[in-house]
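Just need the whole structure built from these sequences, with the hints factored in.
For reference, the chains in residue letters:
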Amino acid sequence: MEAAQVERAGLNLKPSSRMPEDAAVERPVEVGKTVGNIAVDDPIFSCRDVDVFYGAKHAIKKVGIDVARSQVLAMIGPSGCGKSTFLRCLNRMNDTIEGARVEGSILLDGKDIHDRKQDVVQLRARVGMVFQKPNPFPKSIYENVAYGPRIHGLAGDRVELDEIVHHSLKRAGLWEEVKDRLQQPGTSLSGGQQQRLCIARTIAVNPEVILMDEPCSALDPIATARIEDLMEELRQSYAIVIVTHSMQQAARVSQRTAYFHLGDLIEVGETDRIFTNPRHKLTEDYITGRFG
Amino acid sequence: MNSPMRTAQETQALVERSLGRRYWAERRFRFYGLAAVTAGMAFLVYLFVVIFSNGLGAFRQTEVRLDIFYDPAVIDPNGTRNIDDLHAADYQALVRAALKQRFPEVEGRAASRELTRLVSSSAAFDLQRRVVRNPALIGTTETQWLLGSDAVDLLQKGHVDAALPEEQRPLNDRQIGWLKKLDADGALALKFNKTFLTGGDSREPERAGIWGAVAGSFFTLVLTLLLSFPIGVAAAIYLEEFARRSRWTDLIEVNINNLAAVPSIVFGLLGLAVFIGFFGLPRSAPLVGAMVLTLLTLPTIIIASRAALKSVPPSIREAALGMGASKIQMVVHHVLPLAMPGMLTGTIIGMARALGESAPLLMIGMVAFIVDVPKGITDPSTVLPVQVYLWSDSPERGFVEKTSGAIIVLLAFLVVMNTTAVILRKRFERRW
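So the sequence lines, in the order shown, correspond to chains A and B. Residue -8 is where the first sequence starts when you use my numbering, and the numbers rise one by one after that. Residue 2 is where the second sequence starts when you use my numbering, and the numbers rise one by one after that.
Quick caveat, the hints were computed from the structure, so don't treat them as lab data. Among the hints, erroneous ones may be present.
Claimed, not checked - Below, simulated DSS-like cross-link-like pairs (lysine-lysine); rule was C-alpha separation at most 30 Å, straight line: (1) Lys124(A) - Lys311(B); (2) Lys130(A) - Lys181(B); (3) Lys48(A) - Lys427(B); (4) Lys24(A) - Lys102(A); (5) Lys427(B) - Lys130(A); (6) Lys124(A) - Lys170(A); (7) Lys130(A) - Lys102(A).
Below is the structure:
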């Protein structure tokens, strides 16, 4: 099923003629109706003309956007606008949904992720994901973090694996809280701790990009604040794409913001600029709270 | 007040008025439930009382104490101690001689025959076995408890009404008189019936044992489990996790659901035609029985396993895939452990059904009269429910309690099997 979808998506790829090979930082690129700069210098992800269909439903329409390195890109918009769907394109999680079809070009470091040569398992090792609801495996805390390195063969021996687990938990700011109970189930942690465990699990495989799908929507404000601090720290090493319902959160954690509306990418820009001086009417209505 | 809005007091009054009716409905429902459960329990208790009161007798058997003289002239007239000769000797004569010695007053052929009928004709086999094992016995006299005949056993257990006219009883007055004498000497006793638990089937009720059927059931069910569990789980995983929804998978799904409702004897006909007729596998063998029962239990296991897989939260799948697990890693590492208790429940139900099935096994010849205890999966054998059926169909009065005894053994087998399965499931059910 996956193979067939990949093939279809591959056949329908548009020539990436509009790719700004020599794009300057501030050069606006006309894709769809998007307002603002979708391109950045040396992007890690470069998406152009991305369409997503769920059966007959056209969920994402000709979206083009770049993801910069060492930056947080926030995607905001009202419910059902397609921001999560777009996020799931970036590590091909939409492949797992029956009837979902992705078209267009999504380049990771210049290579198309729908290419036949691109292995989906390898892609997901490079592009980690943190989900809306904390979903630790029903295994011990240690096993949760060790799982990724183990299946990808990242650790030569037990000592090395211990080291990776220790380092990942530390980076996720969870080590001090769990170091004495690594063998306890991951599900015994509080919601915020579980979400940090999921982040630790993701960074244990040393990805290049971390996708976060409303990571704080199930958490209380204190746990949210911890995750946001963590994101600020993590962006030194990883590119982060976050989908969020909270505009305050987008304003706090991100450097660039993209506003989605009914499957269209309406506006992209520096976060400060979007929140202070939105150019599109829809963006302005949304961030001023007129709908959403 | 024309307005539909009421005051708070009026609302309260209305609510209060409806309360009684609501509570009454609840009480009534609880009563129905309680009544249904009580009735069910009562029937169950009645069933158990009947089965146990009929069947417990099967575990005890009347034996007769006699002084057996291992007469060399009868056993080994040539004095060679040749094993074949020892096997072929007329041990019945020893029994007859011992009875004659016990009741020297009995004269005439008819009376002698009546006397001989007190002891089971199969008692001679026990003597034969003793002598073959230990030829040194020849020439000695030994006090032995011999298996009484089924009629003696019935009388001893109180199943023969002495008030009936003589010709309607299995024992006549003279025989009862001898038995009374034996009883007065303490030479007649109800003893634990080891033969019933360790022997194979027999034409004679006093000699019939259940072990052949237990072994047959054991081989058949172990094999059924080995075949149906992996196949069923693999099929469920494929259909649920890997197969793309298409007309074919829909067709397969409909067929699996239909197969679960097919009368079991049809599977027996299929097994007869395919496994025995086409592939030429042996008749009456646990191997074929297991294959037929596998077909029977597969739909149950597949349906339950698919339900168990469906109930695993999608977030676990997403988490695994998001970590870069391949699909098979996701299934084996994360989905399967969570679905295992549900799959085992389905398997328990399927196996319990397989244990109780007799109809499909009749078709493949497991209904044959088999005396030997099967030693492997290709030996002819029968199974417990078929044994129950066979004995319930036998004309001898002695088989009535054997039938109930076999049911008790069947129930015990079921309890042991299900307990094992439940313990196993509990171990998988570690909730995190």
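Tested hints:
| no. | hint | result |
| --- | --- | --- |
| 1 | Lys124(A) - Lys311(B) | 19 Å, holds |
| 2 | Lys130(A) - Lys181(B) | 73 Å, violated |
| 3 | Lys48(A) - Lys427(B) | 44 Å, violated |
| 4 | Lys24(A) - Lys102(A) | 25 Å, holds |
| 5 | Lys427(B) - Lys130(A) | 17 Å, holds |
| 6 | Lys124(A) - Lys170(A) | 23 Å, holds |
| 7 | Lys130(A) - Lys102(A) | 35 Å, violated |
When the structure is compared with the earlier hints, violations turn up for hints 2, 3, 7 and for no others.
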